[in-house]
Amino acid sequence: MPAAQPPETLDATAWHKQGLELLDAGKIDRAITAFRRALRADETFAEAHNDLGTAYFEKGWHAEAEKCFRQAIALKPEHAIAHANLGAALRAQARLGDSRRAFQRALLLRIRGMLPAFLRWPIKQRTPPRPAGKHFRKDLQAIADALGANDIEKALKLARAAEARYPEEADVLQVAALAFEEAKDLAPAIERTRAAIARKPDRAEYHITLARLLVKSGDQAAALEAAMRAAKLEPGSADVHATIAGIYHPWREDLAEEAARHAIELDPASHAGHGNLAAALWGLGRLDEAEPHAREAVRLKPGQISYRANLALIYKDQGRIEEARELYRGLIAEAPDNPKLALDLGTLATECEGDLEAARTWYRKAQQLSGEPRAFLSEALIDLLDGRFESAWERYEARKQVPDQRHQHALFASMAQWRGEAAPARRLLVYGEQGLGDEVMFASMFGELAKRVPRVTLMTDPRLGALFQRSFPTFEVIAEPRNSQGERAKSLPDIDCAVAAGSLGRLFRRRREDFPGHTGYLAPDPVKIAAWKERLPPGFKVGLSWIGGMQKTGRSRRSLSLAELRPLLESPGVSWVSLQYTPAAKEIAALADAGGPRIAEFPGVTADMDDLASLIAALDLVVSVCNTTVHVAGAVGKEVLVMAPFVPEWRYGIRGERMVWYPSARVFRQARYGAWDQVLEDVKARLRR
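Going by the working numbering, the residue at position 70 of the sequence shown is 70; the numbering climbs one at a time, nothing skipped.
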């Protein structure tokens with residue numbers, strides 16, 4: 001009597017399913033056995049060959065994995081997943097040319113790594129449900145081809161046709177969304193992605209696409225919500241956590257770091273994890289930690305231009321200018337029509353070389369290539385830096401469309417916008433924008449505004465509320481957190497129109513001659529000033545701030561350590577008072593422990609600008625790097641010595657000792673990038689006068 005047939009010869013599909021479950025559970029050896037049994041039952045089972053290769057790859061058996069992927073491709077020549085997996089196996093064996101061809105065949109790397117799962121499959125992902133009908137798949141492939149060839153118009157045309165033929169297919173909606181995203185038309189892209197999610201809410205990649213689109217639209221809170229939904233669907237996905245890191249950067253760099261590190265824990269070969277961790281560490285100012293992760297992202301995905309551009313940015317901020325320049329030169333030679341690279345080269349020309357005309361050329365190239373608002377804003381900023389105010393202010397309006405500022409202005413976009421015409425019949429709403437220093441600086445125009453518009457409501461950061469109300473008594477001042485200002489504005493009953501504080505410049509500061517020679521326009525509390533004078537140490541009292549801004553606003557190039565400042569701090573007869581708003585107690589204590597001068601510190605004084613303004617008014621002088629302290633000191637008319645980098649932010653101008661916004665400010669500038677020695681000597685000489 002013949003022996004009974006073993007079960008694996010009876011049901012290949014069942015063994016394949018069991019293999020997938022075992023692979024998901026991390027039981028790789030048992031999964032390999034299951035896939036082999038499936039293939040014993042049906043050696044033409046292409047998916048089983050592919051998934052056996054995936055299991056081999058997990059074991060590090062790359063040659064065996066390659067054979068499996070090639071067999072899957074032989075059985076199904078259009079098997080895009082197998083082509084992608086083959087590329088990964090070949091790359092793991094250092095066969096980079098063959099690997100590149102395999103990836104290109106799969107159309108993975110040609111579409112920014114952002115196609116959904118049915119077109120973009122990492123090694124650990126397996127086959128999605130097959131769409132019904134070969135024409136359906138051909139339509140999707142045609143759209144992918146058009147996107148890969150950067151033929152956006154054709155991709156949109158094909159996507160619309162596919163939508164008409166398959167209006168209920170989520171995959172079609174998602175690919176159409178990607179086409180609209182490439183066309184930089186975010187609203188229909190978001191609409192189609194939401195529609196795809198409504199049809200297939202369990203597809204994590206759809207939620208990730210929505211998160212990415214919402215980040216681009218400036219709605220970080222909604223983007224994070226979408227990404228968290230993806231994380232619930234695929235908690236073990238490195239791609240999901242890398243995306244979450246990208247959403248947090250540059251909003252919450254600490255959380256971006258945490259998410260990126262988790263992505264790398266899940267998959268040490270996650271190029272997005274390393275890339276986003278490098279970005280987060282850069283944002284935290286930890287450049288030396290960021291560099292190796294930036295390098296690893298480049299190693300893992302050398303064809304990704306953005307990773308190499310990020311490494312160049314880190315080099316620049318480390319002061320390794322020639323290395324940054326060489327890397328950028330290679331990138332622009334490789335991708336001459338990349339607008340982001342043109343922007344980066346403009347920034348390099350501005351910050352490191354002080355060559356505004358070269359920067360202007362790069363920014364205009366970026367404008368021609370993409371029409372991105374940041375390209376127009378960048379040109380406006382170098383015009384403002386150079387004192388070309390009349391031509392700058394209109395371009396400066398582009399700030400309202402750049403991702404990191406758009407959401408703030410969108411809160412007030414439904415209101416009529418005031419452009420300087422006749423005074424509104426009821427009230428004009430002025431809303432503060434950007435950072436505290438910007439709000440203080442733009443407030444220098446409120447006096448002129450009050451003469452033109454008798455009824456003004458000012459919405460500002462709560463930390464400025466009391467100081468602004470005292471300084472501008474005819475204004476109605478509403479101190480409201482930034483994220484709730486829009487809703488509060490809608491509840492105000494008598495507002496006719498609104499204007500961003502920074503937009504007042506095109507009305508009141510069109511020429512250098514329009515800047516008044518004021519002695520201060522903010523009014524600190526006299527009672528608080530008297531109280532501070534009682535508390536301050538004896539001697540010539542000088543306030544000090546030595547760290548400025550965030551990394552994205554040039555913290556590394558515009559900040560100093562107390563150790564670097566020690567020659568200045570040892571000036572005789574000076575009593576130093578900390579005005580530093582970042583945590584500084586440890587650094588102050590370390591300076592004293594090393595035998596350096598003591599710096600008086602008053603914890604919490606920078607939490608409210610009314611307290612800070614009163615303390616500054618009680619001092620004899622202020623010395624500061626470029627930050628909010630300069631603005632507050634200048635706004636109360638206190639003499640402030642500004643230590644500026646080679647090319648500072650536009651507010652400080654590019655030449656001369658004078659700062660047009662604040663007559664009481666004197667600017668001491670680096671003669672070349674990163675050179676502080678002469679600046680410190682000049683400031684010390686001024687203190688001796």
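These are computed hints drawn from the structure, not numbers from a lab. Every residue, glycine too, gets a C-beta built ideally from N, C-alpha and C. Possibly wrong hints are sitting among the right ones.
To be verified - Quick list of in silico lysine-lysine cross-link-like pairs, PhoX-like style, CA-CA up to 20 Å: (1) Lys59 with Lys216; (2) Lys76 with Lys154; (3) Lys200 with Lys184; (4) Lys400 with Lys340; (5) Lys154 with Lys200; (6) Lys27 with Lys59; (7) Lys541 with Lys400; (8) Lys490 with Lys451; (9) Lys541 with Lys528; (10) Lys184 with Lys400; (11) Lys184 with Lys67.
What the hints assert, rightly or not - Here are the computed distance ranges between Cβ atoms for each label pair: (12) Glu394 with Ala422: 18 to 26 Å; (13) Glu225 with Arg689: 51 to 59 Å; (14) Glu168 with Ala423: 48 to 56 Å; (15) Thr519 with Arg286: 19 to 27 Å.
Hint numbers not upheld by this structure, sorted from lowest to highest: 1, 2, 3, 5, 7, 8, 11, 15
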